[in-house]
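Engineer: Throw the hints in and build the complete structure from the sequences for me.
Protein chains in written order, with numbering that gives the first Met the number 0: chain P, 0 to 364; chain U, 0 to 364; chain W, 0 to 364; chain F, 0 to 364.
Which copy is meant is left open, because identical chains are indistinguishable; a pair holds if it fits in one copy or across any two.
With a straight-line cut-off of 20 Å between C-alpha atoms, the simulated SDA-like cross-links for lysine to any residue are:
hint	residue 1	residue 2
1	Lys173	Val222
2	Lys6	Ala360
3	Lys173	Leu277
4	Lys6	Pro29
5	Lys173	Arg146
Calculated from the structure, these hints are not laboratory results. Please read these numbers as outputs of a predicted model, since none were measured by experiment.
Number of protein chains: 4
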Amino acid sequence: MSSQIGKRVILSIFGESHGEMIGCTLQDLPAGEAIDLEAVYAQMARRAPGNDPTATARREADRPRVVSGLLGGVTTGAPLTAVIENENTRSGDYAAHRAVPRPSHADYTGMVRYGGANDVRGGGHFSGRLTAPLVFAGAVCRQILARRGVTIGAHILQIGAVRDEAFDAVSVRKEQLDALASSSFALLDPASEAPMRAAVEAARQGADSVGGIIEAAVTGLPVGIGSPMFDGVENRVAATLFGIPAVKGVEFGDGFSLASMRGSEANDSLHYNEDGTLTSLSNHNGGALGGITNGAPLVVRVAIKPTPSIGQVQASIDTTTSQNTTTVIQGRHDPCIVPRAVAAVEAALAVTLLDLWEAEAGHLR
Amino acid sequence: MSSQIGKRVILSIFGESHGEMIGCTLQDLPAGEAIDLEAVYAQMARRAPGNDPTATARREADRPRVVSGLLGGVTTGAPLTAVIENENTRSGDYAAHRAVPRPSHADYTGMVRYGGANDVRGGGHFSGRLTAPLVFAGAVCRQILARRGVTIGAHILQIGAVRDEAFDAVSVRKEQLDALASSSFALLDPASEAPMRAAVEAARQGADSVGGIIEAAVTGLPVGIGSPMFDGVENRVAATLFGIPAVKGVEFGDGFSLASMRGSEANDSLHYNEDGTLTSLSNHNGGALGGITNGAPLVVRVAIKPTPSIGQVQASIDTTTSQNTTTVIQGRHDPCIVPRAVAAVEAALAVTLLDLWEAEAGHLR
Amino acid sequence: MSSQIGKRVILSIFGESHGEMIGCTLQDLPAGEAIDLEAVYAQMARRAPGNDPTATARREADRPRVVSGLLGGVTTGAPLTAVIENENTRSGDYAAHRAVPRPSHADYTGMVRYGGANDVRGGGHFSGRLTAPLVFAGAVCRQILARRGVTIGAHILQIGAVRDEAFDAVSVRKEQLDALASSSFALLDPASEAPMRAAVEAARQGADSVGGIIEAAVTGLPVGIGSPMFDGVENRVAATLFGIPAVKGVEFGDGFSLASMRGSEANDSLHYNEDGTLTSLSNHNGGALGGITNGAPLVVRVAIKPTPSIGQVQASIDTTTSQNTTTVIQGRHDPCIVPRAVAAVEAALAVTLLDLWEAEAGHLR
Amino acid sequence: MSSQIGKRVILSIFGESHGEMIGCTLQDLPAGEAIDLEAVYAQMARRAPGNDPTATARREADRPRVVSGLLGGVTTGAPLTAVIENENTRSGDYAAHRAVPRPSHADYTGMVRYGGANDVRGGGHFSGRLTAPLVFAGAVCRQILARRGVTIGAHILQIGAVRDEAFDAVSVRKEQLDALASSSFALLDPASEAPMRAAVEAARQGADSVGGIIEAAVTGLPVGIGSPMFDGVENRVAATLFGIPAVKGVEFGDGFSLASMRGSEANDSLHYNEDGTLTSLSNHNGGALGGITNGAPLVVRVAIKPTPSIGQVQASIDTTTSQNTTTVIQGRHDPCIVPRAVAAVEAALAVTLLDLWEAEAGHLR
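Structural biologist: This is the structure we're talking about:
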């Protein structure tokens, strides 16, 4: 129904790829929080195209203007809105875009859903460009969370057949996450970079694209965030993550691997350390039990499908003639969005975790 | 925050494992829909313990009373509420339950979240028993969806290392789903049953438990249900599915396998059949593009962790003495909840899809 | 759309006048709050019919059963549900009820809204009986608020042409409100009782009914509850109050009288007392400025229309023959619901104020 | 909590009086609706200051830019966002504004609510200027409603002691409402204008302000919009109306006058006309029964308090010294906002009624 998410801190996103502006509003942010806009822009640069050799050469001036909710660099408690001007707003011949839906894009479903009135230029509201305001919002929220001791970071776990090493779910450290969160090609093992870039380049050479997996972790969350049943950490984080175009799977902790495990292997036991602090001896559950954070790092993996825009001839239909046809998508396309999507995954986590925290602020503070 | 889900048709669940009643309210169901309660009870029997040799021997009288919203077997449009009496409501010595949290249960997180006031008897509101009202609600919603041509079915794709065959995502048929939806050990290949039961029995013999994967499909959905960004089919279905205790992963279409695929392999093209109808030549996206149903069957897989209750000695802590200790969970436990969870997965789909449909009823009818 | 209200503490009401049960669920109440059920029942008795000579002689056994969310008399944090069995659930010939809509009832609008499927017996879900679960919920919430220093009380300001004295909006005291909140015919000036009862009796004698105004006040609210624009105290309280059948107007502070006042008369100035505490020198705004409580007593007045059920011959239509006709409503009716509605008005305040408080718990505690 | 309202069509408002931009997003508008922006601007001009001799001389360039959701003048179904640049964004010495709260303004409550971080310049997010995006949103929604046969209009019923004639609630006509909706000083009886302007001028001369009442009516609504209990027309309309700063009372139909009426006077009977159409013989309920539209015109009255900004010396406090003091508010102020608030009242109705209609689109179409 609506492009908004959250219950207490509500993120509302607007805009279309070739419309005048995209942007977002964060309703009910806590007041009095200093926001470093340079740090926000740094997050947005990680997502922006053209900043990395693997990404599309198209350039984007994604510098948002914060038009409300911030006074002297501090949140006022009123809705915080940022707008980003689109540079490419020429109308073009978008009637032509409608005729032949691009395979695995939302051209056809959008046309049916909106009775043909949707803006199809550049994907309209379905465009991956709409993750720019998500990253903006996440960058704001993560600064607030950081002051509460929470650190969020993600890395490319897999591109095509190439796999980075995975997080150690028990011992992932803040410093490790901080390093990832400032990287534009985030990896745990630097040796993964060359073969991953090669996989992307091979796809590009083949006028093709390739998918991947992003793995994120969060440290410093207190025990007690989230609720049983439908307002649990997993429900809420997953609902936001599936808002990133191309996400087709979300798993927490050992996720799908738990299917072939026994309880005796998968169970996480609590343990008092010598200094009286508590730890989880293992973290197969990825930091949440009964929908509630348990003090262990939150660990989540996200499946990203290969970019549907490829340069090959593909089968499609012509909806104006009701005939089968073929299509070739023009323009330069990102053969792999996984590196840029890392920032969006972190942002989805930041927005959702701040929302959950604020909702429960009464019992946490 | 709350045990409710949905925006237009809202499911609100209440109750605790050993409280007086559990139940649910469905707000804003369409009026005038005949509900066959026997068919509802049949769905609940699939989830109920004791109906299958793999499940726990404990018996449950899960027959709900519909106390409002139904007149002469037809929905009135007012909130539909069903209550289920709990038979086991003796208080017992629940103080003892608190002291030593069971590994991978919500005992500790619930204690922190609710300041020690939560009902810990039998898991309280965290208990798998709360899926009974979910299955009730799903059974009501699926009847309404069925009259609109929608069929929902799921099967056990995996238990431990044993795997059933998977859905053919393009050609899954209504009859196939109907057969699954009336089975108490739902499989596509009957030959999978014996080795799966053996895997469960082996876990039981080892005082252990085992996890699995459930795969569900939905046919007959019109094109155009769901919305881009945060109200897409995937966001909303996932948010409900993670409400089933033990669910740790959700993927649509080829899901995590898309990571190693190329766009040319993963893209789904539309095609006009000779009779002028449209089909998707492939269904790697699992029936949704841009968050919106595309006419292909909706296909989703759900990872279920092994039951945390096992009969072995496990490490834990004693929160009353702040010492490390061990614990053995008493009683008879379900070594594998996967067969019973099939009905809950289908129910989550039914409730969510009816909600999305009703929200968009204006443009669909 | 739905019979629920609230954002953080959500009240969901279900049931129909002659259905099996009515009741409610309160989602996300704070955990660890002791609830005195006898005090709850005392509130419900104030609303119940038959407890006062002005009310209908029909008796109601409104004793609710709390079936979840309460353990040992203390809230668990899980959804708190109460059910009330209806005693009069015989089906009768309700087809007849549909034919001729009772003037000023929801018979016709309900029939259109629900396509004729709504339960018309005794008003169904539109019945004033549905305020019983509202009063239950309010009685729970007011106990929690009371522990935070908040007191809620209301009185009959007017019945027909007879008027009680009004609150002194600046100096209304907790003790005054406590006295009202335990009264079944709540008045500030006891001398108003005889003429009010006479007005009701005169209406009864004339086979007629009479309306009135209820005035409520709340003391002890901290400064800072509520938000600008749409989540203000006035918006939220009004939205709940209009859920009480027969409410047709809501005003805060001097309300409609402000129309003929000047700013110099209507403005409320803050003042430091000698002990350093702050007071508002006047309270024309009724305790809220910019949607936010300002420390002065919250004062609200509610217009109640005369009971539409009267014993006179009234014009109506026969929807089965599409002819004009007349109707006489059978049975004994309450010629004035105002005394009983006092408890419902207080309950609406309690539920809404707790919701608003919990939503802002983070900055208030 | 948040500056948004609505369940299906959601209005989210952002901005602060002296921030960079104010604006709004309408989520989930129906797609394919042509919007005449000139007609939108005409509505906004009715609210804008400086267009009428009774209003403040300050000028505002309230021409919004629609930056998303509209393509070729037609709604796309994606979020529709409009932004309005603020011209006066100089920071000034706003620390001084905090020290001495203006009586009956939100200065003090806002300071407490947001811990002193709120933007106090010009009232910040509490400013009446925030009704500009409300009027924008209403102007969009009323065009969609107009195509469905719905007409909304309001007039100044009262300013100070001067009263216009009231609507005939049974026979109010579309043409009458259309005339009001294009007027900048909307009255039913033109003879009311001179004495009303005199009352405003008298207040201005006295460095004072004056309140009033606005009465609105809506024709053409189908029977069946709204729901019992908390999602009724009255609940939802009132919740939006109280979002207009200075609104302190809302009543429907005969409202508070019903208190002194008898049922035999107040009941509305249905009647078949000779042509078979249905009418309500009277309309004391103002067009809604049981929360649901009944086909009679919707009639609502709104109490507006006198502008709190007056030129007289007023008592206040100095929060920096904790001493009592006096204050004089500088600048030119609107001695009566009632004429300009007419457009805001109509807008609140338009947004809410479209929301309710869309929510129930399934059973209405």
